[in-house]
Amino acid sequence: MKKIYSLLLLLFYCSLTAQVSWQGGTTPEANQTATILFDKTGTGLASYSGTIYAHTGVTLNGTPWQNVIGSWGNNTTQPALTLVSGNIYKLDLTPTILNYYGVSSGTVSKINIVFRSNTGAQQTTDLELNVGAYQATLTAPNENSTTLLNSGQNLSIAANNTNGNANYNLFANGVSIHTYTGTSYSYTDSNITANKSYDLQITQGATTYSKKFSVIINPGTISQALPAGMEIGINYNTSDATKATLVLEAPGKDFVYVAGTFNNWQPSSSYAMKKDPTSGKFWLELTGLTSGTEYLYQYWVVDTTPIANSPTIVKTADPCSTLVLSSFDDPYIPATSYPGLMPYPNGQDREVTVLQTGQTAYPWVVTNFTKPSKDKLVVYELLVRDFDSDKNYQDVIDKIDYFKNLGINAIELMPVMEFEGNESWGYNTAFHMALDKFYGNKNKLKELIDLCHQNGIAVILDIAFNHAFGRNPMVRMWMNDPDGDGWGSPSTENPYFNTVAKHSYSVGEDFNHSSNYTKDYVKRTVKHWITEFKIDGFRWDLTKGFTQNCTAGDDACTNAYQADRVAVLKEYADYTWSLDNDHYVIFEHLGTDSEEQQWANYRIAEGKGIMMWGELYEPYKQLALGFSTNGDITRMGHVSRGFTGKRLMGYPESHDKDRLMYQAYTYGNSAGTAPVGGNLNNALNRMPAVGATSILIPGPKMIWHFQELGMDDSIFTCNNGTVNSDVDAIAGDCKLDTKPQPQWVENWLTTAPRSTIYSDYVKFIKMKKNDPVFNGDYTISPNGSNIRQRIYIYDNSLPSTQLKNVVILANYSVAAQNITPDFPYTGTWYNLMTNAPLTVTSTTAQITLNPGEYRIYGNQVSAALANEAFEFASQIELYPNPAQTSFVLTNDVKKLDIYSITGQLIKSANKINALENINISDLSKGVYLVKIETNESISISKKLIKE
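Heads up: the sequence shown is residues -18 to -1, 1 to 929, going by mature numbering (1 follows the signal peptide of the UniProt record, and there is no 0).
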């Protein structure tokens, strides 16, 4: 059987080498020009007919994938292949291999390459080609391996080379210990008593190969009690910045070393971690540290008798890292987003943890933020990557006035924890306590949070505790890795992860939330974000996965009530409330009412209760398209779910679904007097009705970023601007791609009808937050058909002199419709959006609404909107100030006059749009007075400094 398996491996290798080869059949030298030939037959690209791109780098000084051209997935920076004929393509490496890859020094021994389709949906496995006639091979031990020895044991080393004699020089911890000249090499290093890093340098002429490997000595773990108050991860000594204590949970492991910059990545026995006899935790106090200095470290975690297919040694960053460096991702992080980022250390593998004592505390302006009421939350779901062109926190900070003017009172950031890759949704989290660096550093996130708090905006983090992937330390420390490449799935010994998913919605590796190890890790993470970043709430992703009762293919079980899932999620909620009594707990469960009631009604009498995501995408999509089928929106409120309190965070649109506008424009009803399909303006004109019939329903609500501007890019829009349909989109396809940013470049805020959507949303949100009636009771009762929506909101405890009764009507048809408003009584009613009165003599007299039109009537005008004109006037800002050549205003205004300090009128302009550039390049340096008249004829003055 072993012979058959070896034969299969040989055939597989031969098939790979047949796919990629050197033109002419001769292996070129690195200083020569060369052409790679690729035969797509039998590869993942066999049926693909479009342009093929190469993701390629070189093995430089023994390290593969160096000097990579461009970035993964970005075809504009990666070379395209040329079709030769049939299934054969070529890639020319000119003028030389060294020049092509930008190699200025070192030895190139191989080309590393993956061929990909235009979208990346199809690709080959990792392929490689040798470079140069002279090749050298380490035969024992394996290259880049680590051998476990007891003190005093020996290590045998063997290697060989082609193309004649070579000079062999063996280094141990940087010191040459043996040399030899020949075509093969054999040496035994005897009586090894300390950890060693070896480097066998094999030289022929001007070319040197460096073959690295190492030895770890079993130090014998010291049993000693963990000092009181220590938590897993880094524990800084608040009274002594020269010390820090590291604590690692590693059940079943025999010993652990700490290797880092403080011991030149070569730990002695003094860096072997001790083990607490009670808890089993490994720990080590680091001493002699310099306050303010950034140190790097990894754990070397050792199991002397691993189960089959599991590694003896795993080198990993701290699972509770708060900052990691990554050789995979860091080279592609812009310095403008993360200035001063430490370089990844040479000679290391995988992520490393950053440790820094004596850090300066962030100077919070708001130290005790009062969170908005759960009942009145209007949450703005935001993906930093797709919010603006720089894809960082500064982009969001710079738009604080946008959020203030819109009026939302909470921002929900999609995951910002260290995830795999850079341009991601973030749900592939690798380190839950570490901040992903692509968006900026921790102080920049704190600046954003602090600024939001200064403006009454809570900050909620999306967090993914359902799963993790192969770069997660807790996956790697207990994994099946039969080929020894450092990647694998959880083994049966893994205390954190199931070997197979226990629910039917699994992605990645499935956390076992019945494990106390997992629970401790989750609670440690939650505490970190609340105490360090003053986070106001968490949106817990995919909570259906928090059960141990089901199987990967059993939808019925996964969607049914699961008592273990109810209990553990209540436990997590209780813990967060123990840290922050008013903390927002939000579950994305999307399950049965009976189970969600357990959380929504939990501790509701104390003002708590867990907010449940309430997806109503399909009904609102149908209405936006102009169809009544499946257009029932009655479940947008908490009553229909059996919730005691208002704990349904309903939404018509989210990151996980396609844009309503794209669907309406692409697939909308093309009949009637105002067809939706193919008519952008008609589709946009329907979006305010969506806001009116969702946001104003009592209870917390959510909008997905740029919903308020009618964003019409499909969720399946690719990097290159093409769009996949929902049917042909596959895992890893364009759904997760970075999306275009037209809203700022095209200045949608000043472009009707998008600006109308925004201004209407402003009014909806203002009323929801400030008019008490919108925290009252409601009924949702379509007027004979879902196409004609009627929502009645009321609070009978309010006096009749206040707004206490509201009737919302909407016509989602493509033709005019007569709607029966069913006013609760006759008399004078007011259109809350315009304050126009309506005399009602019959409560059932029909009102005609145009296609896509909505109306909001109240027994009184909205107190929130009555003072809107004065509030807007006071909120108008001009920036930049000081200014050099131009400035802009944050709001539309009727008139603008610029006066000198002596009162002389210098310049005037009429009908200025928000963010419209006002040229002042012709003005002299100095101080000016800018008088502004709003569209409501309110006058205000601003001081302007011209530089």
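The hints are simulated quantities; they were obtained by calculation from the structure and are not laboratory data.
Treat the hints with care, as some may be off.
List time: in silico BS3-like cross-link candidates among lysine-lysine, alpha-carbon distance up to 27 angstroms [what the hints assert, rightly or not]:
| id | residue 1 | residue 2 |
| --- | --- | --- |
| 1 | Lys721 | Lys426 |
| 2 | Lys505 | Lys225 |
| 3 | Lys72 | Lys386 |
| 4 | Lys358 | Lys225 |
| 5 | Lys928 | Lys893 |
| 6 | Lys419 | Lys358 |
| 7 | Lys428 | Lys721 |
| 8 | Lys889 | Lys877 |
| 9 | Lys358 | Lys748 |
| 10 | Lys748 | Lys590 |
| 11 | Lys194 | Lys225 |
| 12 | Lys426 | Lys552 |
| 13 | Lys893 | Lys877 |
| 14 | Lys751 | Lys590 |
| 15 | Lys876 | Lys913 |
| 16 | Lys358 | Lys516 |
| 17 | Lys590 | Lys428 |
| 18 | Lys751 | Lys721 |
| 19 | Lys907 | Lys386 |
| 20 | Lys353 | Lys263 |
| 21 | Lys72 | Lys92 |
| 22 | Lys889 | Lys925 |
| 23 | Lys893 | Lys924 |
| 24 | Lys225 | Lys263 |
| 25 | Lys381 | Lys358 |
| 26 | Lys72 | Lys428 |
| 27 | Lys424 | Lys72 |
| 28 | Lys225 | Lys721 |
| 29 | Lys263 | Lys505 |
| 30 | Lys516 | Lys501 |
| 31 | Lys263 | Lys194 |
| 32 | Lys639 | Lys721 |
| 33 | Lys639 | Lys717 |
| 34 | Lys748 | Lys717 |
| 35 | Lys92 | Lys386 |
| 36 | Lys386 | Lys353 |
| 37 | Lys381 | Lys590 |
| 38 | Lys876 | Lys386 |
| 39 | Lys913 | Lys928 |
It should be emphasised that the depicted structure is a prediction, and the values quoted were computed from it without experimental measurement.
Status of the hints after comparison with the structure:
Pair hint Lys721 plus Lys426 holds up; C-alpha atoms about 23 angstroms apart against a cutoff of 27 angstroms. Taking the CA atoms of Lys505 and Lys225, the gap is about 25 angstroms. The hint holds against a cut of 27 angstroms. As the CA atoms of Lys72 and Lys386 are separated by approximately 55 angstroms, the hinted pair breaks the 27 angstroms bound. Annotation: proposed proximity of Lys358 to Lys225 is violated, straight-line Cα distance about 46 angstroms (limit 27 angstroms).
Between Lys928 and Lys893 the CA atoms are separated by roughly 22 angstroms; this keeps the pair inside 27 angstroms, and the hint holds. Taking the CA atoms of Lys419 and Lys358, the gap is near 33 angstroms; set against the 27 angstroms cutoff, the hint is violated. Distance restraint check for Lys428 and Lys721: the Cα-Cα separation of roughly 26 angstroms lies within the 27 angstroms cut-off, and the hinted pair is therefore satisfied. With a CA separation close to 11 angstroms, the supplied pair Lys889 and Lys877 stays within the 27 angstroms bound.
A threshold of 27 angstroms between alpha carbons decides the hint, and for Lys358 with Lys748 the separation of about 10 angstroms falls inside it, so the pair holds. A distance of roughly 24 angstroms separates the Cα atoms of Lys748 and Lys590; the hinted pair therefore holds under the 27 angstroms criterion. Straight-line distance between C-alpha atoms of Lys194 and Lys225 comes to about 32 angstroms, which puts the hinted pair past the 27 angstroms bound. Our distance criterion of 27 angstroms between C-alpha atoms is broken by Lys426 and Lys552, whose separation comes to about 32 angstroms.
Our distance criterion of 27 angstroms between C-alpha atoms is met by Lys893 and Lys877, whose separation comes to about 6 angstroms. For the proposed pair Lys751 and Lys590, the alpha carbon gap of about 19 angstroms is at most 27 angstroms, so the pair holds. The hinted pair formed by Lys876 and Lys913 meets the criterion: a straight-line CA distance of about 11 angstroms does not exceed 27 angstroms. Of the pairs offered as hints, the one joining Lys358 and Lys516 holds, with about 21 angstroms between alpha carbons and a cut-off of 27 angstroms not exceeded.
A C-alpha spacing of about 26 angstroms is found between Lys590 and Lys428, which places the hinted pair at or below 27 angstroms, so the restraint holds. Of the supplied pair hints, the one linking Lys751 and Lys721 is violated, its CA atoms being roughly 31 angstroms apart against a limit of 27 angstroms. Of the supplied pair hints, the one linking Lys907 and Lys386 is violated, its CA atoms being roughly 31 angstroms apart against a limit of 27 angstroms. For the proposed pair Lys353 and Lys263, the alpha carbon gap of about 37 angstroms is over 27 angstroms, so the pair is violated.
For the proposed pair Lys72 and Lys92, the alpha carbon gap of about 17 angstroms is at most 27 angstroms, so the pair holds. Our distance criterion of 27 angstroms between C-alpha atoms is met by Lys889 and Lys925, whose separation comes to about 15 angstroms. Of the supplied pair hints, the one linking Lys893 and Lys924 holds, its CA atoms being roughly 17 angstroms apart against a limit of 27 angstroms. Distance check on the hinted pair: Lys225 and Lys263 sit about 19 angstroms apart at the alpha-carbon level, within 27 angstroms; holds.
Taken as a hint, the Lys381 and Lys358 pair is honoured in the structure, with Cα atoms around 23 angstroms apart against an allowance of 27 angstroms. At roughly 50 angstroms between alpha-carbon atoms, Lys72 and Lys428 are farther apart than 27 angstroms, so this suggested pair is violated. Taking the CA atoms of Lys424 and Lys72, the gap is about 45 angstroms. The hint is violated against a cut of 27 angstroms. For the given pair, Lys225 sits about 45 angstroms from Lys721 by alpha-carbon distance, which is inconsistent with the 27 angstroms threshold.
Restraint check for Lys263 and Lys505: the C-alpha separation of about 17 angstroms stays at or below 27 angstroms, so the hint holds. Straight-line distance between C-alpha atoms of Lys516 and Lys501 comes to about 21 angstroms, which keeps the hinted pair within the 27 angstroms bound. For the given pair, Lys263 sits about 32 angstroms from Lys194 by alpha-carbon distance, which is inconsistent with the 27 angstroms threshold. The straight-line distance between the Cα atoms of Lys639 and Lys721 is roughly 14 angstroms, inside the 27 angstroms bound, and the hint therefore holds.
The suggested pairing of Lys639 with Lys717 holds, with an alpha-carbon distance near 9 angstroms, which does not exceed 27 angstroms. Distance restraint check for Lys748 and Lys717: the Cα-Cα separation of roughly 33 angstroms exceeds the 27 angstroms cut-off, and the hinted pair is therefore not satisfied. For the hint linking Lys92 to Lys386, the alpha-carbon distance of about 55 angstroms lies beyond 27 angstroms, and the restraint is violated. This hinted pair checks out: Lys386 and Lys353 have alpha carbons roughly 16 angstroms apart, not beyond 27 angstroms.
Of the supplied pair hints, the one linking Lys381 and Lys590 is violated, its CA atoms being roughly 31 angstroms apart against a limit of 27 angstroms. Restraint check: the Cα-Cα separation between Lys876 and Lys386 comes to about 21 angstroms, which is no more than 27 angstroms; the hinted pair holds. This hinted pair checks out: Lys913 and Lys928 have alpha carbons roughly 15 angstroms apart, not beyond 27 angstroms.
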